[in-house]
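Novice: Given next are the chains, with one letter for each unit.
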Amino acid sequence: MDMKQKMPITPTTPVPTPSVAIAAEAHARGPSTTEPPLPAESEAPSVAVEVPAATFPEGLDAGREAKMCADRVSVFYGEKQALKDVSIRIYDDRVTAFIGPSGCGKSTFLRCLNRMNDTIPSARVEGRIELDGEDITSPDMDVVQLRARVGMVFQKPNPFPKSIFENVAYGPRIHGLSSSKSELEGIVESSLKRAGLWDEVKDRLQESGTALSGGQQQRLCIARAIAVEPEVILMDEPCSALDPIATAKIEELIHELRGRYAIAIVTHNMQQAARVSQRTAFFHLGELVEYGKTSEIFTNPREQRTQDYITGRYG
Amino acid sequence: MSSVAPTRWTDESMRKRLRRRYAFEGWFRGLGLAAIGLSVLFLAFLLVTMAAKGLGGFVHYEARLPIDFVKSDLFLDPATLRGPDATQTVAGADLEGAISKASVSAYGPTAAQLFGDAAVARLSRAIVANPDLLTGQTTLWLPVASKVDITAKDKGDANSEALVQELRQRHALRRNFNSQFLTASDSTDPSAAGVWGALKGTFFTILVTILLAFPIGVLAAVYLEEFAPRNRWTDAIEVSINNLAAVPSIIFGLLGLAVFLNSMNLPRSAPLVGGMTLALMTMPVIVIAGRNAIKTVPPSIRDAALGIGASKMQVTFHHVLPLALPGILTGTIIGTARALGETAPLLMIGMRAFVAAPPGGISDPATVLPVQIFLWSDEVDRGFVEKTSAAIIVLLLFMLLMNGLAIYLRNRFERRW
Amino acid sequence: MQQASGHTLKAFDEDIERLRALISQMGGLAEHAIGEAMRCLVQRDIEGADKIVQDDKKLDALEVETERRAVQLIALRAPMAGDLRDVIAALKISGVVERIGDYAKSIAKRVPLLENVGKIEPLSLLPEMARIATEMVHDVLDAFVERDAEAAYRVCQRDVAVDDFYDSIFRTLLTHMMENPHTIGQATHLLFVAKNLERVGDHATNIAEMVYYAATGEHMADRPGKSPR
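Residue numbers (this note's numbering), protein chains in the order written: chain A, 1 to 315; chain B, 1 to 417; chain C, 1 to 229.
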């Protein structure tokens, strides 16, 4: 995990000398540089390779408050360690993509952010995760409230087997977010609008949520997550079960949602990560290998492992 | 790429193998059909036998009886029969004697035993309904006694045969639907015996059973499946419950006897105790069915609910239970149907007594239909044979009804996820 | 960054290799063209020069082919990071090499017009200038094949020499023209030839920058020895 050295390019061959006459000319003109200057050391590193324990690079996203902050997070399933010392920040107004081969721990990490790993009896989470500065792993944190603030959309669309209206209204209802029926209807309508589904379902809100197509179901799940006014939305491979058109619609939706929520998305599809995110984190064998601007990760990554993975030389 | 020769599908050896495969499958299918056929035969045999024996119980013969109330020695005043105690008053009178006298005068001395308790009951009801009958004479169709009934349906001793012959000749005998069978309770006289008391008793017992077993069973299943930690204790509980479901029912009867009757001194032979005993028996079945039904709810639904901040309780009661309900209902109905047909445990807690009046509530002495059948099958009187089979038919119909209800409920609650 | 192992999809490797082979082929042709053009100039080989002009068509065709291959590769393989830089670099380099070939053609075209040029002194300098320029092209294409950023940087340094040559020839020819006005026509042609060779040197530097970027993902910070003209 060394930072790749930016080697100063020093010239090792002398400048070839022209014939005597030219040399005389050149001399008459003045000393020409026989040693060209070193190329300036590369610009201020805009990305750190790997974020070391509890320190973060100044260059990238400097001065911004992180929405969620993970510090040295490790996850164990029984004896097996699935995540090793992952430290990362998720920002408002940014989509952060987690990429990496199967089994590298990206989904596990995502599930740490809203403590869904609690439902797995053998899972043990170490390290500190903060949401707006509060430690979410402490026993004082109300998990139910956390999961309302940090919503999740899953890989396979899983609407409740209830009506479309009920699907979206369930969350606000159990959290007591609305005080009257009309208010609840308003919340449902605005959530469905924000999820880009309103026009397609406004006439059939009482139909079962499972009667929709795959892409619509996933948008319904997104609307359901939005309805409780989260601050962060986690998406675990949301488009892997969808066709390209549905995928494109969801990606456009992510783009629209970006301003309102901090979004973290796990994806197997590198092109999708490239299209949708502004920050990308590459996981490998449970470690965070590289994190940086998406545009740079995909044009000039710093780590050899990252390069190998995104160019298809992995495995 | 590969050095393996492609499969030759048209080879003779391949064809032979294919033929053998198809032959085997044909054989297998034939065996399956044969098994189904045998089962259907058994079922048909049962139903046909029952029907043949029992349908007779639903009809009985009635004979015409002209009665002159003025001439009979009934000391009844129509005026006293207009109050609420009419039935009591009538019961005090010697209706049996009056009927006997009237039938003898109509059909001769052999007709002294022509009518039985059923006729008495019918006459009593007629008088209470219309006290003015007592002022004159009238002709009534009354159900004949059991012996005559059987003679008319099948055959009997010489005297009865002659009587029946005579009645037939005078067109004084007719066949009619035996509504008594369904509205009367148990009686020593077969002609007056009915299943109503047993039906009511069954109803109360099952009510108690369901009210006790269903909530406890479902909640236990929910707890064991959703909330309980997985350790040795819960494993032991699971094994115990599975075994309980297989325990012979008479042991539950013993338990009921020892605990409910002897220790807790609850009323003997009451649907309350019967229901509690059967509830003990049904609960494991519901727990097992409930657990299986809850297991089949996909984890994605739970994840989805957890993901938007539902607590464990909300996940379980808003999402998991409704989806598991069809399975739970099926299990409940299976358990209840089994409980319906149980005789042994109820015999142990004393529901073997002869109960002439239908129970008014869950703490009145009662009997249930299977026990009634058992008791009647023990009777010597030939008249009870067809009653037993008829009661079995009633029981079967009752079970069909319950199963139909179960299927209806299950379909209604079935949800696709 | 090393392109250590091959792609999981072997066909991807083959596609990239074919593209790079095309560039090497073009480079070889361009190098040869310049060398030949200078030889014909010195030896007044008019037929030779004519052949060079005809052969330039091959170079043009190869450039079209390279462009086609590169576009296809981008569409079908969605190359990322180092692979993407490689492909873009190949695309740009093919254009530059094609222009180098055009310069060679331009030099060859002047051969028939230079009848009595033997007496002009600067003519003796041109072959040396051409040699350096050709060497630059050769070396930079080697650097491309090896993905060697260091070698590419070194090529840039040699452009100084070519520029110095050009300055010297320019002054000499100017002086010659002023002293021998009847040779203005011929001398002007020679001036153009020198200019072409200087441009070849510049183009080799351009290629070097592209090679550097493809190999490292960074832009060469300062072009060595670049002084404003």
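Think of the hints as simulated: they come from the structure by calculation, not from any bench.
Note that the Cβ used here is the ideal one computed from N, Cα and C, for glycine as well.
Hints are not guaranteed to be accurate.
[What the hints assert, rightly or not] Partial list, computed: chain A residues near chain B (C-beta under 8 Å):
no.	residue
1	R72
2	K84
3	V144
4	Q145
5	A148
6	N158
7	F160
8	P161
9	F165
10	I174
[Unchecked claim] Straight-line Cα separation of at most 25 Å, DSS-like style, residue types lysine-lysine; simulated pairs:
no.	chain 1	residue 1	chain 2	residue 2
11	A	K202	A	K162
12	A	K156	A	K202
13	C	K10	C	K195
14	B	K71	B	K155
15	C	K195	C	K57
16	B	K312	A	K156
17	A	K193	A	K156
18	B	K312	A	K162
19	A	K181	A	K162
20	A	K156	B	K295
21	A	K162	B	K295
22	B	K16	B	K53
Novice: Look at each hint and say if it fits the structure.
Specialist: Hints and how they fare:
1. Interface hint at R72 (chain A): violated, since its Cβ lies 26 Å from the closest Cβ of chain B, which is beyond the 8 Å cut-off.
2. Violation of the interface hint for K84 (chain A) is found here, the shortest Cβ-Cβ separation to chain B being roughly 25 Å, above the 8 Å cut-off.
3. A cut of 8 Å between beta carbons decides the hint on V144 (chain A): the least distance to chain B is about 5 Å, and the hint holds.
4. Checking Q145 (chain A) against chain B: minimum C-beta separation of about 7 Å stays under 8 Å; hint holds.
5. Because the smallest distance between the Cβ of A148 (chain A) and any Cβ of chain B comes to about 3 Å, under 8 Å, the interface hint for this residue holds.
6. The beta carbon of N158 (chain A) is positioned within 8 Å of a beta carbon in chain B (closest approach about 4 Å), and the interface hint is therefore held.
7. The beta carbon of F160 (chain A) is positioned within 8 Å of a beta carbon in chain B (closest approach about 7 Å), and the interface hint is therefore held.
8. At about 4 Å, the closest approach between the beta carbon of P161 (chain A) and any beta carbon in chain B falls short of 8 Å, and the interface hint on this residue holds.
9. For F165 (chain A), the suggested interface contact is broken, since its CB lies about 15 Å from the closest CB of chain B, more than 8 Å.
10. Because the closest C-beta pair between I174 (chain A) and chain B is about 6 Å apart, less than 8 Å, the hint holds.
11. Our distance criterion of 25 Å between C-alpha atoms is met by K202 (chain A) and K162 (chain A), whose separation comes to about 16 Å.
12. Proposed proximity of K156 (chain A) and K202 (chain A) is supported: the alpha carbons are some 24 Å apart, at most 25 Å.
13. Using a Cα cut-off of 25 Å, the hinted pair K10 (chain C) and K195 (chain C) is violated, with the two alpha carbons roughly 45 Å apart.
14. Among the hinted pairs, K71 (chain B) with K155 (chain B) is inconsistent with the structure: their alpha-carbon atoms are about 34 Å apart, more than 25 Å.
15. Taking the CA atoms of K195 (chain C) and K57 (chain C), the gap is about 22 Å. The hint holds against a cut of 25 Å.
16. The suggested pairing of K312 (chain B) with K156 (chain A) holds, with an alpha-carbon distance near 22 Å, which does not exceed 25 Å.
17. For a cut-off of 25 Å, the pair hint linking K193 (chain A) to K156 (chain A) stands: about 22 Å separates their Cα positions.
18. For the proposed pair K312 (chain B) and K162 (chain A), the alpha carbon gap of about 19 Å is at most 25 Å, so the pair holds.
19. For the hint linking K181 (chain A) to K162 (chain A), the alpha-carbon distance of about 18 Å falls within 25 Å, and the restraint holds.
20. Restraint check: the Cα-Cα separation between K156 (chain A) and K295 (chain B) comes to about 19 Å, which is no more than 25 Å; the hinted pair holds.
21. Under the criterion of a C-alpha separation no larger than 25 Å, the hint pairing K162 (chain A) with K295 (chain B) is consistent with the structure, at around 20 Å.
22. Between K16 (chain B) and K53 (chain B) the CA atoms are separated by roughly 55 Å; this puts the pair beyond 25 Å, and the hint is violated.
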